[in-house]
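Student: These are the residues of each chain, in order.
There are 2 protein chains.
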Amino acid sequence: MKSFHPLDKVRVVLSHPSHPGNIGATARAMKTMGLNSLYLVNPRVFPDKDAEARAAGAWDILNSARVCVDLDEALSGTVLAAAVTARPRDLSHEVFDARRGARELLGHARQYPVALVFGTEMSGLTTLEVSKCQIVVHIPANPDYSSLNLASAVQVMAYELRMGLPELELLPPVAGIAADFNDIELLYRHLERVSVSSGFLDPLEPKRLMQRMRRLFARARLEKEEVNILRGILSAVEKRIQSQITSYK
Amino acid sequence: MKSFHPLDKVRVVLSHPSHPGNIGATARAMKTMGLNSLYLVNPRVFPDKDAEARAAGAWDILNSARVCVDLDEALSGTVLAAAVTARPRDLSHEVFDARRGARELLGHARQYPVALVFGTEMSGLTTLEVSKCQIVVHIPANPDYSSLNLASAVQVMAYELRMGLPELELLPPVAGIAADFNDIELLYRHLERVSVSSGFLDPLEPKRLMQRMRRLFARARLEKEEVNILRGILSAVEKRIQSQITSYK
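Protein chains in written order, with UniProt numbering: chain A, 1 to 249; chain B, 1 to 249.
Hints should not be assumed to be uniformly reliable.
Identical chains blur together in the list; that is why a pair holds if it fits in one copy or across any two.
Listed below are the simulated SDA-like cross-link pairs for lysine to any residue, each with C-alpha atoms no more than 25 Å apart in a straight line [what the hints assert, rightly or not]:
| hint | residue 1 | residue 2 |
| --- | --- | --- |
| 1 | Lys239 | Met210 |
| 2 | Lys224 | Glu205 |
| 3 | Lys207 | Ile177 |
| 4 | Lys31 | Ala56 |
| 5 | Lys239 | Glu192 |
| 6 | Lys207 | Val174 |
| 7 | Lys207 | Glu238 |
| 8 | Lys49 | Gln155 |
| 9 | Lys207 | Leu187 |
| 10 | Lys31 | Glu52 |
| 11 | Lys207 | Glu225 |
| 12 | Lys224 | Pro206 |
| 13 | Lys49 | Leu148 |
| 14 | Lys207 | Ala175 |
| 15 | Lys49 | Met122 |
| 16 | Lys224 | Pro203 |
| 17 | Lys224 | Asp202 |
| 18 | Lys239 | Pro206 |
| 19 | Lys207 | Gly176 |
| 20 | Lys224 | Leu168 |
| 21 | Lys224 | Arg189 |
| 22 | Lys207 | Leu234 |
| 23 | Lys207 | Lys224 |
| 24 | Lys31 | Val67 |
| 25 | Lys239 | Leu187 |
| 26 | Lys31 | Ala53 |
| 27 | Lys31 | Met163 |
Simulated from the structure, these hints should not be mistaken for laboratory data.
Just chain A, with the same shape it has in the complex (with noise of 0.2 Å):
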């Protein structure tokens, strides 16, 4: 990267868009607010003319677009993913309004790549796909109309972020080294593995054990060396409980 311009360190990225017309303009709006980078999950059509017709000229991001086979690939590397969402949910993570959000993603644009994320037209995001950021975003509406279209909802996004590039010499460094995505994940992983292993969790039973666990350390926004200290503690206990297995044998 050329550039170390906040702005070139959020990547958009659309899960399982249906429209490769909203794919076009959503690359539209991103360059009028000097965003570029596009993740593109499991596109039904991509790439199409209707993507490059509404595109209008932003054809460089349309072109750069990294199409992945699912969320995880297009948030590898990031530390902070926004959900942006219009329903609010049950055990949903922290909340903040558009603005709010997106100062929140430009504090950490600052250092390391961060995402904002949205669903398919139809549906929105899975719960699944919000559980794997650490906040959601919701742009306020009318609440007898709230359906934004897609490449709409990107835009209002797009143009926070650049509003918030004044605010940002005024926030708090971040601290330490966040860690990203794919440490985090193994933790969970981790994390899982020990609540199995020690008895807590009955795997065939699982409830909504991690999806809290998630919920609590995505409001943390955890450290590189916070992952590491867990994953030693949890490793430190897990030799213990193999060993006491192998004892009984």
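Based on the hints, put chain B in the right spot on chain A.
Tutor: Below, chain B without anything else, positioned relative to chain A:
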């Protein structure tokens, strides 16, 4: 408590105040902004004539002040405690300026007790005291002369709390039931015990492990149910390790 006004839920905690005059001036500063809950941790002299004189009519606050033996007692039952400090520290918690810190406290004070913690006049808060708080609040000041009087610091924070009241309706509600100081201290003790029994932590050379864990979970603003889950996992792990030790006998 008769009323549920958020300012009623904000404790002003003075740790080891040396000058009784400052206690009186603090009571007065609090009353001017509508605060009324004063906690004194091990004051050098109290009650005292100087305190009464400087309180200038805020005697109700002085008379109902609670004298505590240590900071744990003063923070008992709170869900968020802010260490007001002039110096940023090495492994410090999240740092807020006075305005944003007041907002953070008010958001929780709609439902739960919170605390503003001020250190002793000469040397401020100790590292141990700061580690019992979840956030650090910094009052911006002239870098060439940042020595705010204790009661003046209380005045600025009380003012910001009052100024933040109209914004309260815009803040998102606090999700879940917040864990309080006592729950969280028990979690730390449990985590430390398992870190030792698993062999991860050498109690003779603890380094900064628990300080790091305090910092992590402070940022997360733990909920009661999350503490219960974490302690459940720790208990399950502990039982396994214990039965292993027994099986070796």
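Student: Reference check for the pair Lys207 and Leu234, CA-CA at most 25 Å: within, between, both, or neither?
Tutor: Result: close both inside a copy and across copies, 21 Å intra and 18 Å inter.
Student: I want to check one pair: Lys239 and Glu192. Are their C-alpha atoms no more than 25 Å apart within a copy, between two copies, both, or neither?
Tutor: both (15 Å within a copy, 17 Å between copies)
Student: Within, between, both or neither: how does the pair Lys31, Ala56 come out at a Cα-Cα threshold of 25 Å?
Tutor: within (10 Å within a copy, 62 Å between copies)
Student: Give the relationship of Lys207 and Val174 under a CA distance limit of 25 Å: within one copy only, between copies only, both, or neither.
Tutor: between (34 Å within a copy, 23 Å between copies)
Student: Can you give me the call for Lys224 and Asp202, within, between, both or neither, at a CA distance of at most 25 Å?
Tutor: Between. Shortest inter-copy distance 22 Å satisfies the 25 Å Cα cut-off; intra-copy 29 Å does not.
Student: Could you figure out if Lys224 and Arg189 sit no more than 25 Å apart (CA to CA) within one copy, between two copies, both or neither?
Tutor: Cα proximity of Lys224 and Arg189: in one copy and across copies (16 Å, 23 Å).
Student: Is it within a copy, between copies, both, or neither that the alpha carbon of Lys31 lies no farther than 25 Å from that of Ala53?
Tutor: within (15 Å within a copy, 65 Å between copies)
Student: Reference check for the pair Lys49 and Leu148, CA-CA at most 25 Å: within, between, both, or neither?
Tutor: For Lys49 and Leu148, the Cα distance is within 25 Å only inside one copy (23 Å; across copies 65 Å).
Student: With 25 Å as the alpha-carbon cut-off, assign the pair Lys49 and Met122 to within, between, both or neither.
Tutor: This pair counts as within: shortest intra-copy Cα distance 22 Å, inter-copy 71 Å.
Student: When Cα atoms must be at most 25 Å apart, do Lys31 and Glu52 count as within-copy, between-copy, both, or neither?
Tutor: Intra 14 Å, inter 65 Å, cutoff 25 Å: intra-copy only.
Student: Within a copy, between copies, both or neither: where do Lys31 and Met163 come within 25 Å Cα-Cα?
Tutor: Answer is within; shortest intra-copy Cα gap is 14 Å, inter-copy 39 Å.
Student: Cα distance capped at 25 Å. Does Lys207 pair with Glu238 within a copy, between copies, both, or neither?
Tutor: Both, since 22 Å and 22 Å are each at most 25 Å.
Checked against the numbered hints listed earlier, the structure breaks none of them; every hint is satisfied.
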